[in-house]
Structures are given as C-alpha cells and as structure tokens.
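So the sequence lines, in the order shown, correspond to chains F and E. Just so we're aligned, residue 1 is where the first sequence starts under full-length UniProt numbering, counting upward by one. Just so we're aligned, residue 1 is where the second sequence starts under full-length UniProt numbering, counting upward by one.
Think of the hints as simulated: they come from the structure by calculation, not from any bench. It is possible that some hints are incorrect.
Heads up, the list lumps identical chains together, so a pair's fine if it works in one copy or across two of them.
[As the list claims (entries may be wrong)] No more than 27 Å apart at the CA atoms, straight line, and that leaves these computed lysine-lysine pairs for DSS-like:
id : residue 1 : residue 2
1  : Lys-77    : Lys-6
2  : Lys-73    : Lys-153
3  : Lys-73    : Lys-57
4  : Lys-196   : Lys-3
5  : Lys-57    : Lys-201
6  : Lys-153   : Lys-6
7  : Lys-3     : Lys-148
8  : Lys-6     : Lys-196
9  : Lys-3     : Lys-153
10 : Lys-3     : Lys-201
11 : Lys-77    : Lys-201
12 : Lys-110   : Lys-201
13 : Lys-57    : Lys-6
14 : Lys-77    : Lys-153
15 : Lys-73    : Lys-196
16 : Lys-77    : Lys-57
Number of protein chains: 2
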Amino acid sequence: MEKLSKIGRYEFLAEPFHCDFSNHLFMGHLGNHLLNAADFHSNDRGYGMNYLNTVNKTWVLSRLAIEVMDMPKAYDKFFVETWVDSALRSFTSRNFKIVGESGHVYGYGKSVWAMIDLDTRHPADILAVRGGLITEYIETEYPCPIEKSSRVKLLVGATPIRSIDTYYNDVDINGHINSVKYIEHVLDLWDVAWYKQHCIKRFEIAYVAESHQGDRLHFYREGRDSDTDFNVRITKSNRDSAEVEVCRCRVQFV
Amino acid sequence: MEKLSKIGRYEFLAEPFHCDFSNHLFMGHLGNHLLNAADFHSNDRGYGMNYLNTVNKTWVLSRLAIEVMDMPKAYDKFFVETWVDSALRSFTSRNFKIVGESGHVYGYGKSVWAMIDLDTRHPADILAVRGGLITEYIETEYPCPIEKSSRVKLLVGATPIRSIDTYYNDVDINGHINSVKYIEHVLDLWDVAWYKQHCIKRFEIAYVAESHQGDRLHFYREGRDSDTDFNVRITKSNRDSAEVEVCRCRVQFV
Chain F
1 MEKLSKIGRY EFLAEPFHCD FSNHLFMGHL GNHLLNAADF HSNDRGYGMN
51 YLNTVNKTWV LSRLAIEVMD MPKAYDKFFV ETWVDSALRS FTSRNFKIVG
101 ESGHVYGYGK SVWAMIDLDT RHPADILAVR GGLITEYIET EYPCPIEKSS
151 RVKLLVGATP IRSIDTYYND VDINGHINSV KYIEHVLDLW DVAWYKQHCI
201 KRFEIAYVAE SHQGDRLHFY REGRDSDTDF NVRITKSNRD SAEVEVCRCR
251 VQFV
Chain E
1 MEKLSKIGRY EFLAEPFHCD FSNHLFMGHL GNHLLNAADF HSNDRGYGMN
51 YLNTVNKTWV LSRLAIEVMD MPKAYDKFFV ETWVDSALRS FTSRNFKIVG
101 ESGHVYGYGK SVWAMIDLDT RHPADILAVR GGLITEYIET EYPCPIEKSS
151 RVKLLVGATP IRSIDTYYND VDINGHINSV KYIEHVLDLW DVAWYKQHCI
201 KRFEIAYVAE SHQGDRLHFY REGRDSDTDF NVRITKSNRD SAEVEVCRCR
251 VQFV
C-alpha cells in the first residue's frame, strides 16, 4: 500500500433532502459525513473496519464532539478533513475539520475511538494491530481549536421527557442502534419553532452502552448554566431489563 | 445552457452507515438517491427546483415505485440513471434505472410529479414553464421494465398498528414531512427478524396530502393475496383536525 498523507480529505455534498426547513444540513447528516470520513481514512491506510473485520475486531465510537460556526446549505460542496492525533493502547483520538470549497471553515470535530474484539466484546490493543501501523499516521500539528468533550454530569431523579421505540431503520451493520440515530433523536427533543430561533453551536455525545432494535429509549434533559445549554441522557429498557444508561450528550445553541 | 442528453447518470456510494444489519443499502436511502438524481437531472436541464423557486413554483412528488432484484452492499458504487418519459400539463412521469459499476442492474423506479404554485398551492401548468422546455427532453425508448404504480385500495375500518409523532428531523425545506421519512416509517412496521427472512422486492407510495411537524401519523396495514404483499395507509391527525389520509403504500417482499 502506497504511503498516504496523515490527513485525509473527503468531498461531500449537502444534499437537498438532508437539509432542514432553513435549507441547512442537518447535524445528524454532518455527523454521518464525519463518520464516513473516519471510515474512508482508516480503510485507506490499512487500519479501518475492512481490515479489522478480517481479524475479528472493530472500531467503536466512544465520544464525538462537533462545533460549528455555521452549516453548509443545500447543494454546497464541502470537505471533511480528518486525522488521528493520538493513539494509545485502548483509545485513539481523531480530529475533523469541515471546510468549504473556497476554504471557509464551517467547524471542527473531535472523537475518541476504542477497538474491541468481536467475540469477547472486550477492548483490543490498538497498537498491536499490524505492528502499530496507526502510529505512523499521528498528526499533532494540524490545529483543531475546539475543546475536548466535557464530562456530562449524570442527571438523577428526573422523569424522561420522551420515550421512543427503536425499529429496523435504526439498526446498523453491527446490529446496534446507529450512532447517528441517537444524534437525531436527541435533536428532535427541540421542535421546529425552537430551531427558528436557535442554531446548534456544539453537540457532544458519549456512547456508554449499545442498544438494540426493540429497546425503548428514554430521554432526560436538564438545563445547564444558560438557557441555551443542555445535558441530555439516554437510557434504554426492554422486557428483560431495567433502565440502563446508553448515551450522555451536551447540546449548546446560540 | 449547453444541451444535455435526455438521460442523466449520477454516481452514488452505498455508505456503510446507510446500510442495514445485512450490509445492504436501506430502501429509504435508495429512495433518497433517486430523488437526488431527479433533482440533479432537472436542475441541470433548467426545469428543476432551483429555477422553479425563482418563479414561485415547485415540483411535488406524487407517486414513487421502486422494484429491485437486489440492493447495493456497503461501499458499492452505483449509478442512478433517470429520464422523463412523458410530460403533460399536470403531471410528468420520470423513470429510474439503478446500475452497478460493471453494468449489473439492481432495479428500476417509476415516479409521477406534479408542479404547484407556491402561493396558491394549486397545480401549475408544467408545459408553460420556459416554453415547454421539459418536452425537449422526453425519452420514450429507454426501457424501464417494471409496472406502473397500482391503485392501492383504501383500507377501511381497521385500527392503526402504530402511531408516531413527527419531529424536527422529519421536516424538509418546504416545511413538510420529508418523502423519504414516510418510506422509512412504513418499512419500520416490520422488524429485524422479518428482514432476516425477507427482502423488499417492490415498494410503492402515493402521496395524497402533506403533513407537518407535530402531526401524529397513524399506520394501517392489510395483507393482500399473498402473505408477503401488503397495503399500508398513513393518516395524520393533530389537535385541530380529525384523521386525514396522507399516503398509500404497497410493499412486496420475497
């Protein structure tokens, strides 16, 4: 395999049917494009899902933070640049930059990934894959000037503001609820009237446990210091189990 | 504008996170790609949304039928070919062919579109736009060997098998529930266990009325002659109105 640059750059289009009422790309679809870019970048360099599946391992997204100044509009072409800025035994950290054709910066992203063994579901040693191949692609100089994910404090004693069922279209190749679907479900907690007055500035999500089709998801929301800054906690329940935490999020609007 | 060919051809990728548990593209995402292709094709030729919006008109999807032999798998590149095969004053009919890189035919689609005036919401005369420009691009020879949409008989007296609320992410640029979201909600009526035994052969949808965020959607399902052939009817209700029909669908599995 020819040695590629550390930073990958992938072109996307803000598809008209992926845009909200204001003609701007939905945050969930932007999240999907970041995950695609991560997937393309790691596959191109030999440590992506395509290789990992042959050795019975996979990447698991642990945290994702996206911070935007504005969002691409319908038909805008844009690029997602992505690079790994650290790789440890248990976790790697991957950054994103979202740029327009003329160099306009829409925003940035930061993510944390673990690797697991597909049989045991236990963490795998990232540095043991292909003799630590990933460490040949660490890029620490290219700026990603947003804060890391914060620790979202656990909400206790609240009542869920919404509970929903999960269906066929929520489930990904691994049989789990798709990471992007959580983003959409969380952002659906605010209605169109709210989005007419507010834009998302920053979205953070920490994935705590997996959920499966048929699980019922419960959403808890709590305001933080300002009235445009929220914590959201998602739990799951099903016939066989009590409520278990699935995700914690923070959503900041302007 | 340079005169383009009658048939447009657009490349898409079956993105990994747009695939179901079996690693095949979700039908909803395929539907979205067909709508994208229709949009690109009509914009490129001067009678698309981009032009229509400047004269206060828009296209409205009235019917869509998709029939597939199989579905693209994750990372497959494929092409959607699309062409208009008839244009009348009130309706145009547009066909689709879904082909792989090596020429493999995944399936076909047929659709019917109306044009409306954005102020009155009344039908507009398609042939009056740009002096009947669309009629210069009618292609009637290229085969699309699937049946037209059938008339789905109205279901009466049934109880809905599911009712769901609609949220921010369901709403498109026109402020209506996105056409593709109905496809997803309908296909969610069957669970993963069903899809492990059955593939979608044909999906038909007729859009009867628009719905808006906050409307509650009700799904009625009725078996047809075989146990893999179903009619689905969607209605909406909200605080101010009784139940009104929104869509009628037919889903055939194999």
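Do the hints match the structure? See the list:
Taking CA atoms no more than 27 Å apart as the test, Lys-77 paired with Lys-6 passes in both settings, with 22 Å inside one copy and 25 Å between copies. Proximity of Lys-73 to Lys-153 under the C-alpha cut-off of 27 Å is found in neither arrangement, the shortest distances being 34 Å within a copy and 40 Å between copies. Taking CA atoms no more than 27 Å apart as the test, Lys-73 paired with Lys-57 passes between copies only; the shortest distance there is 20 Å, against 37 Å inside one copy. Taking identical chains as interchangeable, the C-alpha atoms of Lys-196 and Lys-3 are never at most 27 Å apart, the minima being 47 Å within one chain and 40 Å between chains.
Neither within a single protomer nor between protomers do Lys-57 and Lys-201 lie at most 27 Å apart by alpha-carbon distance, with minima of 34 Å and 33 Å respectively. Taking the shortest Cα distances, Lys-153 and Lys-6 never come within 27 Å of each other, neither inside one copy (35 Å) nor across copies (58 Å). In the homo-oligomer, the alpha carbons of Lys-3 and Lys-148 never lie at most 27 Å apart, since the shortest distance is 29 Å inside one protomer and 51 Å across protomers. Taking the shortest alpha-carbon separations for Lys-6 and Lys-196, neither the intra-copy value of 39 Å nor the inter-copy value of 40 Å comes in at or below 27 Å.
Proximity of Lys-3 and Lys-153 under a CA criterion of 27 Å is satisfied in neither setting, with 42 Å inside one chain copy and 60 Å between copies. Proximity of Lys-3 to Lys-201 under the C-alpha cut-off of 27 Å is found in neither arrangement, the shortest distances being 36 Å within a copy and 43 Å between copies. For the homomeric pair Lys-77 and Lys-201, the shortest alpha-carbon distance inside one copy (21 Å) is at most 27 Å, but the shortest distance between copies (34 Å) is not. Only within a single protomer do Lys-110 and Lys-201 lie at most 27 Å apart by alpha-carbon distance; the minimum there is 14 Å, versus 41 Å between protomers.
Within a single copy, Lys-57 and Lys-6 get their C-alpha atoms as close as 23 Å, which meets the 27 Å cut-off; across copies the closest is 47 Å, which misses it. In the homo-oligomer, the alpha carbons of Lys-77 and Lys-153 never lie at most 27 Å apart, since the shortest distance is 37 Å inside one protomer and 43 Å across protomers. When the C-alpha separation of Lys-73 and Lys-196 is checked against a cutoff of 27 Å, the pair qualifies only within one copy, where the shortest distance is 15 Å, while the shortest distance between copies is 38 Å. Taking the shortest alpha-carbon separations for Lys-77 and Lys-57, only the inter-copy value of 25 Å comes in at or below 27 Å, while the best intra-copy value is 34 Å.
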